[in-house]
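Peer 1: Residue numbers (the working numbering), protein chains in the order written: chain A, 34 to 681; chain B, 3 to 215; chain C, 152 to 631; chain D, 153 to 454.
Just so you know, these hints were derived from the structure itself, not from any lab. Take the hints with a grain of salt, since some may be wrong.
What the hints assert, rightly or not - Non-contacting residues of chain A with respect to chain C, defined by C-beta distances greater than 12 Å in every case (computed):
1. Trp-193
2. His-200
3. Trp-220
4. Arg-653
Stated by the list, open to error - Looking from chain A toward chain D, a few residues come up when the C-beta cut is under 7 Å (computed):
5. Gly-223
6. Met-225
7. Pro-229
8. Trp-288
9. Pro-292
10. Thr-480
11. Trp-560
12. Ala-565
13. Arg-569
14. Leu-675
15. Phe-678
Unchecked claim - If you anchor each label on the Cβ, the simulated ranges turn out as follows:
16. B:Arg-77 to C:Leu-603: 48 to 58 Å
17. C:Glu-590 to A:Gly-82: 23 to 33 Å
18. C:Ala-615 to A:Val-60: 53 to 63 Å
19. B:Phe-94 to C:Ser-243: 40 to 50 Å
Note that CB positions come from ideal geometry on N, CA and C, so glycine has one too.
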Amino acid sequence: MTMGQLMALAILVLVAATLSGPRLPRVWLALTLAGTAALLGAALWALGGSAVWDWRSGFAVGGERLHFRLDAVSAWFLTLVAIVGGAGAVYTREYWPDHERPESAGRGRAWWSALVLCMGLVLQCANGLHFLMAWEAFALSAFFLITLERDRRETRAAGWLYLAASHAGTLGLFAFFSLLAARTGSWDLGPMKDHPELAPLFWVALFGFGVKAGLFPLHIWLPSAHANAPSQVSAIMSGVAIKMGLYGLVRFSGWLPLPAGAGWAVLALGAVSAVLGAAFTLAQSDLKRLLAYCSVENMGVILIGLGVGLLGAANGDTTWGRVAMAGALLHVWNHGLFKSLLFLAAGSVLHATGTREMSRLGGLWRAMPWTAGLFGFGAVAISALPPLNGFVSEWLVYLGLFDAAAGHVPVAVAIVPAAIALGVTGALALAAFVKAAAMVFLGAARTQNAAHAHECGWWMRAPMLTLAAACVGLALAPVVVWPFLRQPLGAWNPAWRGGEPPAPLAALGALQAALAALVAAAAGALWLRARANGLRRALTWDCGYAAPTTRMQYTSGSFAALAVGWFAWALRPERWLRWPRGPFPSRADHVERIPETVLERAIGPVSEVVMAASAWMRRRQQGRLPDYIFYLVAGLAAVGALVVFGGM
Amino acid sequence: MNDLLNLLIGLAMGLNLVALGTSRLPSLIRIAALQGMVLGIMPLVMEHELRVMLLAVAVATVSMKGLVIPALLRRAMRTANIDRDLDPLIGFLPSLLLGAAGMIGAVVLARRLPLRPEHHESLLVAGALASVLAGLLLLIGRSKAISQVCGYLILENGIYLFGLLLIHSTPLLVEGGILLDLTVAVFVIGIIVDRIQRAFDSLDTRKLTVLRE
Amino acid sequence: MTELLLILVPLAAAAVAVLWPYDRTRPWFLPATGLAHVLLAFGLMLRPPEAPFHAWFGYDPLARAVLPAVSLLFLGCAAYGVPYLRLRAERSNRVFVAGFLAALGLMSAAHMARHLGLLWIATEAVTLSSVPLLHFNNTPRAFEATWKYLLVGGTGIALSLLGSFCLGYASLQGGGTGDLTFTALMAQGTGLSRPWVLIAWVLLLVGYGTKMGLAPMHTWKPDAYGEAPGIVGAMLAGGVTTVAFTALLRVRGVVDAAGAGAVASRTLLVIGLFSTLVAALFLLSTRDFKRMLAYSSVEHMGILSLGAALGGAGLWAAFFHVWNNSMTKGALFLSAGNIRRAAGGRTIDEVSGMAILTPHSAAVFVAGLFAVTACPPFGPFFSELLMVKSAFAAGHGWAAAFFLGCLLLAFFGLTRVVFAIVYGRPRQLAREMDPRFRETLAVIVPPLGLLLLTLWLGVATPDALRAAWTAAVRQLTPTP
Amino acid sequence: MNSIIAFPARLAVWLLLAPLLPGIINKVKAWVAGRRGPPVLQLYYDLARLWRKGVVVSTLASPGFIAGPAVAWVAVLAAALLLPLGPLGASLSFRGDVILLLYLLALARFCTAWAALETGSAFEGMGAAREVSFAVLAEAAVVTAVLTLSLQSRSVSLSAMLVPAAGSGTLLLAVGLFTVLLAENCRVPFDDPNTHLELTMIHEVMVLDHSGPPLAAVLHGAAMKLLLFSVLLVQAVLPVGKLPPAAGAGALVAGVLVVTVAVGLVESLMARVAFRRVPLLLTTAFLLCVFALLIAWKGGAA
């Protein structure tokens with residue numbers, strides 16, 4: 034059985050799954066798992082050997098022959114699609130079942146497998162026309178997944194915002210691909226480094242794909258969409274879908290000639306996304322919104338790696354560029370895995386308590402130990418702490434930056450600030466995830482529904498465990514991943530087709546394993562010692578205060594206040610304060626809200642101007658016939674003027 | 003020959019100004035009808051020998067433009083017992099001035115345009131343009147439905163005038179078709195006006211503004 | 152000779168329908184005639200007569216490239232008309248059916264007219280024959296809409312007549328024999344007197360542009376489409392506009408041959424982009440979903456004239472888009488008609504949650520929305536993408552960018568309205584919805600069929616059509 | 153020196169000598185204040201006693217409450233072992249180990265904060281919030297310092313990095329790192345380890361609820377962290393690696409002592425700054441490191 038047959042099988046099975054989704058949940062689950070398994074097989078096949086599946090159809094679709102091409106770069110992303118797609122499908126069975134969601138469960142299943150299928154197609158289309166088709170189909174199925182719960186007003190609003198932003202990006206891609214086709218004379222895609230005149234197109238692509246990837250100024254749609262979507266959808270959106278935008282950037286930065294400023298721009302964009310994304314992450318008080326902003330941050334980290342890679346490739350295919358690029362690609366996998374894990378865990382919290390508001394949760398670890406443990410695991414991983422996998426990829430990116438800096442390369446002006454930005458990002462992310470995990474799972478329950486939470490079942494636990502296991506694998510044996518990782522690296526830049534790891538991955542892996550063991554041993558030992566000495570339970574010693582209430586706990590807002598204050602220039606927090614007055618103050622309150630700065634402060638005013646123009650137009654058309662005739666005559670005059678004076 | 007034609011055209015152009023200046027609905031209708039008749043007899047003046055088809059066309063035009071449609075409009079006006087003053091959106095004096103300016107402009111333009119030798123002396127082009135302008139001016143400047151129909155009539159008269167330039171070249175079949183279409187159009191408009199007057203109790207188009215943004 | 156049947160069959164059917172005594176069975180004339188017309192149109196397209204039947208009338212490549220689309224659309228509307236007229240059994244449908252059939256015949260005539268004067272006559276006749284269809288509802292609103300349609304459209308059509316005369320005079324002045332067939336005019340070419348040609352172009356563009364509904368002459372459109380029954384709206388948006396567009400193309404061919412092609416392209420480009428912008432701005436804040444369709448139609452007319460302005464590949468894409476526009480508009484208007492009837496309201500303040508009340512129509516409506524906003528795999532995606540591509544290829548980069556911006560605004564407006572009426576909870580008005588209306592197969596299949604046609608056009612464009620469009624492009628571009 | 157004895161030696165240094173530093177600091181403070189003060193070995197007695205004591209755990213706390221200190225302790229120890237120790241060298245050295253060191257310290261911070269939040273106490277939440285927030289600025293300074301070192305030495309592994317270039321840059325770097333040391337180890341002027349006003353504390357308030365062996369782990373970990381930073385600072389300033397072993401060891405010990413005394417002096421001569429001013433101070437440290445970086449860069453470029 035060849036890779037091509039495997040791919041074809043996967044596509045057919047997923048189509049069947051889509052059709053079976055509305056009516057037959059079990060069949061759907063089986064088919065979706067089979068399809069994702071086939072996808073995974075094909076992807077690993079492509080990554081294993083440097084085989085490339087290249088297939089052109091005999092028939093034409095939309096006037097162009099289908100052209101599928103599965104090379105290592107596509108396969109790298111396809112792996113993620115397959116894993117998360119399968120895990121989410123299993124999760125759906127318990128999280129979004131027919132008996133709880135009679136109206137939307139069926140649609141949800143169908144669109145889910147459609148989404149997986151479309152993302153798979155996007156990764157394989159090597160023809161601009163079909164790439165756009167798959168791209169838009171993927172965007173639309175994502176839209177229908179986000180709006181599954183469409184009787185909720187905010188879900189509809191979030192869905193519309195997503196669709197609008199996504200369409201803006203798609204129109205950017207319209208321009209990109211039609212320019213490409215207009216200049217090369219064919220819709221076919223492939224390496225075109227030998228057309229220097231195509232270089233400026235990179236900027237159009239950066240916009241088009243950047244919207245989907247949620248890079249900082251273009252991320253406006255991301256938080257609300259990921260927060261309001263059903264959690265398994267948030268997981269695949271945040272873990273995989275936004276990576277499609279990244280795939281576009283990687284793919285076409287590898288195929289097209291690049292303008293001189295490309296690496297610099299990408300690096301700067303990445304640094305901004307990373308730092309500000311992290312700042313916004315810390316400031317959020319809605320668990321899923323926090324996770325969503327964290328995706329912006331991680332895309333920033335990946336983009337820093339990509340930017341260094343571009344600079345490295347532009348400056349003579351240097352080793353440091355290779356390291357950073359490897360880190361970026363590896364972080365794609367890592368972030369995909371633990372971000373999905375975190376969203377699934379958040380979903381199980383939402384399922385158990387019915388709220389995403391962190392200041393209404395707390396102390397859940399007792400009721401839902403599995404979720405708590407898995408979320409904690411994810412938090413450590415996403416804060417890029419050793420001994421987990423997040424660290425491995427960020428370490429590679431750091432290594433690229435440090436190598437470049439140590440080498441006193443000409444582009445160090447860009448490299449050094451990026452390194453510092455990455456450090457700040459790490460610290461912010463750590464703060465954010467300490468906060469998230471602690472506010473939700475530690476301390477005392479802040480509300481009744483938090484107190485009466487229940488653990489999720491195995492259908493939801495199993496996918497989370499799978500994702501966590503994958504993370505552990507990547508963490509403890511990064512050197513095993515290298516043989517796969519070098520394929521996309523080589524496919525992206527043939528000069529980097531080298532065999533040996535760019536960094537002491539083996540040493541790092543060994544150290545991480547040792548550290549893990551040591552940590553476990555130490556924890557165990559301390560626990561035993563404490564038991565031996567006698568372990569007594571008592572009230573929290575709140576500095577002698579004997580009657581602590583749950584309201585006394587630090588909330589997410591107060592936890593973040595300090596750092597938020599430092600980033601107020603970007604976050605623009607809105608505060609409403611009423612100080613306690615008089616000897617026996619009746620009431621005092623302090624409301625704080627972190628606005629969607631870009632959306633409310635930048636997009637808002639612009640759209641108001643447009644709407645004003647629209648209103649002006651409407652006032653011109655009030656049903657008075659003489660006016661209409663006048664417009665007609667005015668049009669006549671205008672056309673006449675254009676004819677007479679237009680020539681000169 | 004040509005002088006007679008120019009005389010008629012001048013008459014039509016004068017009627018344009020009167021139409022712009024009049025403040026009463028019945029007189030406006032009368033003016034439009036009169037202009038229609040004047041135009042109707044022009045082909046007979048232009049042609050040397052009388053052809054049956056030509057005669058038929060002339061008769062049809064005169065009867066339609068001069069009699070039937072005005073009658074229709076009068077009926078609508080009477081049944082819709084609306085006040086006979088047509089309150090202008092553009093005042094009478096301004097419309098008069100605009101009309102005069104348009105007429106002068108039309109004459110100037112007609113002089114600048116390349117014309118066939120046999121049309122050098124005739125006022126056809128100028129008259130056509132002037133009537134078209136006057137018609138548009140009425141359509142824009144008067145608010146009552148009937149007055150707008152009159153404006154439309156005058157506009158069409160202008161086009162008809164221009165059509166006379168081609169009377170030798172275009173086959174009468176086409177001419178006839180065009181005339182038929184125009185008259186039917188105006189007829190339909192008349193019918194609709196009649197219907198509207200049943201639907202709404204007034205023909206003031208300022209009241210016909212339910213459909214709006 | 153058989154070409155004439157395209158005109159005569161509907162007219163004859165109309166005549167018979169007038170005389171037909173039974174209100175219940177009369178509607179069946181519509182699908183019958185539609186089917187015959189489709190067969191004729193496609194048969195003649197696939198096996199075209201070697202020479203046009205007459206210098207004045209003929210099923211020439213241009214007609215072959217456009218008329219079958221109108222004929223298909225008519226078939227869809229006719230199929231829908233039967234159940235629709237059964238719902239409106241309270242009043243006689245004699246005039247309606249006759250007018251509808253006559254309109255088809257006259258539209259065929261207008262598409263096939265190869266003589267300046269005949270073209271105008273047929274267009275005007277189409278306008279007049281659609282008047283009784285417009286005020287079929289007999290409400291004051293309908294009459295007001297008709298009134299505006301007549302006067303604005305009438306003024307426009309009058310101007311186009313003046314333009315036709317000017318073009319005729321241009322040929323006379325250029326020493327022509329006064330033969331006003333397009334072939335003759337194109338043959339005369341640069342012999343035409345340039346000033347008159349330019350005047351003619353301005354008048355004809357504005358005149359037929361009014362019929363097409365290009366801004367700022369679009370003002371009659373929302374009123375007419377908003378008040379007319381769904382099938383009439385579909386026919387106006389997909390058929391009558393096409394007539395005017397074809398007319399413009401024929402004239403443009405002459406202007407091109409007269410050596411003023413650059414001027415024509417410039418004006419078409421500007422007016423097309425302006426229409427797209429105006430439509431987008433109106434779409435952003437309109438609340439009535441039938442008027443929304445009207446503005447969307449204005450937008451697509453702008454797209455068509457943009458394609459015409461680009462010429463060559465752009466013109467080809469414009470023909471492609473004519474087909475897509477007809478099919479998509481048909482699907483949208485018919486499903487909107489269902490929704491309108493079921494909801495008993497026309498604005499997003501009165502209507503919502505139709506996905507629950509009329510699931511199928513709502514689904515078709517949403518799919519149609521994505522089709523009309525150029526989302527793949529529907530046809531408009533391909534035609535508009537081709538248009539953007541040819542715009543870039545022709546070096547009109549800024550025009551393409553502006554165009555894409557307008558598309559984005561339009562997308563915002565359309566999605567806003569459609570989701571508002573489709574999703575959410577049903578409103579009170581829908582409780583006392585028309586009791587006779589049920590989502591039967593008869594009212595779902597026609598719009599669905601048209602939608603599938605759009606899909607088919609996009610995904611698997613038949614080579615016959617591609618060939619037809621190429622031939623039409625060749626006919627319109629003068630060979631130096 | 154072969155690693156069979158080197159490794160135990162290093163381990164011994166980190167585990168056994170670390171608790172000396174707080175003692176010395178306290179001695180210095182007492183001496184400046186004219187008191188006798190606690191014995192230098194006080195921390196050893198405390199640790200020994202705590203290791204034998206029983207444990208009181210908040211009713212809200214999860215097992216993480218015990219695990220946290222353990223993990224943090226391991227993380228600090230691991231970080232320390234990565235750091236070359238003068239003539240003893242590092243136990244393991246590879247490209248990029250410096251980044252691992254930074255992130256191990258981050259792991260320690262994560263676990264301490266986690267354990268602090270286990271109890272749901274407002275005070276410990278406050279402490280944790282401050283710890284992680286100030287770490288943001290401190291991290292920037294540290295990363296800049298490390299970048300400076302790698303620019304100087306054109307290498308990215310600690311053992312090769314710690315070869316200071318003589319010059320004004322080194323001085324700036326020293327001051328910057330010293331400030332970071334004070335902040336990271338929660339000394340005056342950032343924090344007052346032995347005040348009893350919880351509202352003003354960072355680190356101490358995070359461990360309010362710990363007792364017995366976990367508390368011992370926390371205290372020992374803190375001591376090790378202090379030693380780690382002073383060793384890093386000394387080796388960043390003095391060319392310890394280049395000297396002959398004996399001299400090197402002497403220089404290192406002397407340097408660490410100087411740093412410790414300096415900490416003590418700062419604590420006795422300065423007062424805690426208001427929290428509002430802390431970011432300012434950290435930013436100053438960051439800027440010092442940036443200047444050092446620029447100098448190192450020019451040096452490298454020349």
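Peer 1: Determine for every hint whether it applies to the structure shown.
Peer 2: Against the structure, the hints come out as follows:
{"no.": "1", "hint": "Trp-193", "result": "6 Å, violated"}
{"no.": "2", "hint": "His-200", "result": "5 Å, violated"}
{"no.": "3", "hint": "Trp-220", "result": "9 Å, violated"}
{"no.": "4", "hint": "Arg-653", "result": "9 Å, violated"}
{"no.": "5", "hint": "Gly-223", "result": "36 Å, violated"}
{"no.": "6", "hint": "Met-225", "result": "36 Å, violated"}
{"no.": "7", "hint": "Pro-229", "result": "32 Å, violated"}
{"no.": "8", "hint": "Trp-288", "result": "31 Å, violated"}
{"no.": "9", "hint": "Pro-292", "result": "27 Å, violated"}
{"no.": "10", "hint": "Thr-480", "result": "14 Å, violated"}
{"no.": "11", "hint": "Trp-560", "result": "5 Å, holds"}
{"no.": "12", "hint": "Ala-565", "result": "9 Å, violated"}
{"no.": "13", "hint": "Arg-569", "result": "5 Å, holds"}
{"no.": "14", "hint": "Leu-675", "result": "59 Å, violated"}
{"no.": "15", "hint": "Phe-678", "result": "59 Å, violated"}
{"no.": "16", "hint": "B:Arg-77 to C:Leu-603: 48 to 58 Å", "result": "51 Å, holds"}
{"no.": "17", "hint": "C:Glu-590 to A:Gly-82: 23 to 33 Å", "result": "55 Å, violated"}
{"no.": "18", "hint": "C:Ala-615 to A:Val-60: 53 to 63 Å", "result": "41 Å, violated"}
{"no.": "19", "hint": "B:Phe-94 to C:Ser-243: 40 to 50 Å", "result": "46 Å, holds"}
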